[in-house]
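Participant: Sequences listed follow chains A and B, in order. So that you can map any letter, position 201 of the first sequence is 201 in the working numbering, and since no number is skipped, the others follow by simple counting. Basically the working numbering = 1-based index in the second sequence + 381.
Simulated from the structure, these hints should not be mistaken for laboratory data. Some clues are possibly wrong.
Unchecked claim - With a straight-line Cα cutoff of 25 Å, these simulated DSS-like cross-link-like pairs (lysine-lysine) come out:
1) K225/A x K239/A
2) K39/A x K88/A
3) K239/A x K423/B
4) K288/A x K239/A
5) K39/A x K74/A
6) K652/B x K225/A
7) K629/B x K239/A
8) K423/B x K225/A
9) K629/B x K466/B
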Amino acid sequence: MIGAARSSLMWVVHLAVLLLVVIWTLPTAGLLISSLRDKDQLAVSGWWTALSSSSRNDVFRAPAADAQVERDGKFIITGNVSESGGLKVSAFGTSSREPGAFQPGETTDLADGAKLTVQEDGSFEIVSDTRMEGTRGQRIFYTASTPPRFTFDNYREVLNAEGIGASFINSLTVAVPATIIPILIAAFAAYALAWMEFPGRALLIAVVVGLLVVPLQMSLIPLLKLYNGVGAFFGVPAKTYMGIWLAHTGFGLPLAIYLLRNYMAGLPREIMESARVDGASDFDIFIKIILPLSFPALASFAIFQFLWTWNDLLVAMVFLGTGNNELVLTGRLVNLLGSRGGNWEILTASAFITIIVPLIVFFSLQRYLVRGLLAGSVKGG
Amino acid sequence: MQQLFYAIVTMAAGVLACVAYFFGTNWILDRIFPSKGLSGAKASQNLRITNAIRPWLFLGPALFALTIYLIYPVIESVWLAFHDKSGQEFVGIRNFVWMVNDGEFRQSIFNNFLWLLVVPAAATFFGLIIAALTDRIWWGNIAKTLIFMPMAISFVGASVIWKFIYDYRAEGSEQIGLLNAIVVAFGGSPEAWITIPFWNNFFLMVILIWIQTGFAMVILSAALRGIPEETLEAAVIDGANGLQIFFKIMIPQIWGTIAVVWTTITILVLKVFDIVLAMTNGQWQSQVLANLMFDWMFRGGGDFGRGAAIAVTIMVLVIPIMIWNIRNARKEMGGH
Numbered sequence: 001m002i003g004a005a006r007s008s009l010m011w012v013v014h015l016a017v018l019l020l021v022v023i024w025t026l027p028t029a030g031l032l033i034s035s036l037r038d039k040d041q042l043a044v045s046g047w048w049t050a051l052s053s054s055s056r057n058d059v060f061r062a063p064a065a066d067a068q069v070e071r072d073g074k075f076i077i078t079g080n081v082s083e084s085g086g087l088k089v090s091a092f093g094t095s096s097r098e099p100g101a102f103q104p105g106e107t108t109d110l111a112d113g114a115k116l117t118v119q120e121d122g123s124f125e126i127v128s129d130t131r132m133e134g135t136r137g138q139r140i141f142y143t144a145s146t147p148p149r150f151t152f153d154n155y156r157e158v159l160n161a162e163g164i165g166a167s168f169i170n171s172l173t174v175a176v177p178a179t180i181i182p183i184l185i186a187a188f189a190a191y192a193l194a195w196m197e198f199p200g201r202a203l204l205i206a207v208v209v210g211l212l213v214v215p216l217q218m219s220l221i222p223l224l225k226l227y228n229g230v231g232a233f234f235g236v237p238a239k240t241y242m243g244i245w246l247a248h249t250g251f252g253l254p255l256a257i258y259l260l261r262n263y264m265a266g267l268p269r270e271i272m273e274s275a276r277v278d279g280a281s282d283f284d285i286f287i288k289i290i291l292p293l294s295f296p297a298l299a300s301f302a303i304f305q306f307l308w309t310w311n312d313l314l315v316a317m318v319f320l321g322t323g324n325n326e327l328v329l330t331g332r333l334v335n336l337l338g339s340r341g342g343n344w345e346i347l348t349a350s351a352f353i354t355i356i357v358p359l360i361v362f363f364s365l366q367r368y369l370v371r372g373l374l375a376g377s378v379k380g381g
Numbered sequence: 382m383q384q385l386f387y388a389i390v391t392m393a394a395g396v397l398a399c400v401a402y403f404f405g406t407n408w409i410l411d412r413i414f415p416s417k418g419l420s421g422a423k424a425s426q427n428l429r430i431t432n433a434i435r436p437w438l439f440l441g442p443a444l445f446a447l448t449i450y451l452i453y454p455v456i457e458s459v460w461l462a463f464h465d466k467s468g469q470e471f472v473g474i475r476n477f478v479w480m481v482n483d484g485e486f487r488q489s490i491f492n493n494f495l496w497l498l499v500v501p502a503a504a505t506f507f508g509l510i511i512a513a514l515t516d517r518i519w520w521g522n523i524a525k526t527l528i529f530m531p532m533a534i535s536f537v538g539a540s541v542i543w544k545f546i547y548d549y550r551a552e553g554s555e556q557i558g559l560l561n562a563i564v565v566a567f568g569g570s571p572e573a574w575i576t577i578p579f580w581n582n583f584f585l586m587v588i589l590i591w592i593q594t595g596f597a598m599v600i601l602s603a604a605l606r607g608i609p610e611e612t613l614e615a616a617v618i619d620g621a622n623g624l625q626i627f628f629k630i631m632i633p634q635i636w637g638t639i640a641v642v643w644t645t646i647t648i649l650v651l652k653v654f655d656i657v658l659a660m661t662n663g664q665w666q667s668q669v670l671a672n673l674m675f676d677w678m679f680r681g682g683g684d685f686g687r688g689a690a691i692a693v694t695i696m697v698l699v700i701p702i703m704i705w706n707i708r709n710a711r712k713e714m715g716g717h
């Protein structure tokens, strides 16, 4: 009895987790699938129908009378309602009141004695016993289903025409130095706070913990003023890559110092003491022993900082220009949301390019990310 | 490409400068106060001096950056909040008086309050549930990875993902937004969700909950695993069922961690900016403090006084958590 109840309970657990996983992954999956769809299909049907044929109603105007050819004493206009082909007509008609009056293969009479036939593959034939006249071609209404089509066209378009390619490089230019510079500075500071004795150490640690949560908003206006002032004083632009690297360094330091200090403080004291007995100075101990041992913590912080600088929008909007060679991916995406709000083929492809690098980092280095998270949140009493 | 080259060169120069600083100062220090090769009182005196100076050499660059980028701006922001739009003239509390009477600011405070109420609670709740459930099944780690994944996605990217879900087409035409498609499938009529005042806040909150649940899950999962095996075994022997163990044993044991998760997300919520900017830019009564602050930084040529006053408001809301964090950190270090 108990065993049966337990196994049915396990089924509930399995199903509940499955449901949650589906809810959590579906949005991203929808984005990815949509970005690979043909843009005409994307605009008229949901991405969950991507694998089924999509049906649409359309109208085609046949060529005018001067396209007719004479054959066996009859006058004929031929063609196909779709330029690209590949569709399947399920019904057609000649007036907007009855756009689906006839089945493919059927023949219908037109006004001036001509006959129209539309085949399933979209090809049509207008046949008349007398020479046709008029400058406007016959309208053909049809309902057609197109098979699912997947393409990289959307990606090709956004990478070139929409400037996503340039922004990708801009984001890299921001994120890589803004990740490496703070690590070095923080590692030395963390060692000093963990293992060196000096007055005010406890106070400094408290300051770092306090600065962890200072909202970025407090820094924006004063730094904007400072940057403008420095720029004007030296006659250089106020918004430069150098400026944003240093800004990210400053904002990332509290977490970097905190993470690394906690990690280094947990290393066994004996290692350092035996090295000290051998006559090594703090500098040697740090470079030769502590730094290599701290690799996991350094990696954790590097991942954090990279994700944060790559995904950042606010700092880039304030400290970096909006020119083609400075606008980062997140900024470009926000602009596209404004200017191309309805063009989902552009938005989905752009968004996916924006998130692909963090996702790769996430899936390949998740171990370090988790470790960093666990060390980074101030542990409760 | 030229730009990447520039970036790499500058980066190399920056890293080299850092290395040169640390090695250089160390070398100079050892030259001025040598302790090797000397003997007796002189050597030990030099050693004392170098040991007193060296921490400050190690800390120097970090303290410099922290001061310029965080400490000075906090002071300057407070100062600016009491000055006019260009920061020249002292205006007393006029900015704060304006703020309290401004409809948009009140709207933001109200919305921020809603966010604070819902997002930390929801993310922690889902995180806890998922952590508890995934610990019992063999594919738990895969499930966790997938739920954790949105954490890597930028707020702007997440906004696009969810805007697509909330997409609205006029009634009668086929819906390509998932939410409206579901609503229509159940016989409802489609809505432009993010333009409905008040409720649109919740549609924006979903995005942050979606991102932050993974964070809560990871931390809480580790805490749950940290509960001693004996405690749980004792509960099982005493005849407690699964739910009782969860609510009466596990939750009280990880109470401190839940508080940490909650406060961390709370701080994030106070700073939420990208999502609102990308989804509505504060239209349809969805404004929040951080976006309003950014707005005033540039609106009408930029009003630094009002912008700073809003920033100070956010800071004031964060301070209780800051103090609580510092206390906890000190307690922990006292224990070592």
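Participant: Would you list, in rising numerical order, the hints stated earlier that this structure does not obey?
Facilitator: 3, 4, 5, 7, 8, 9
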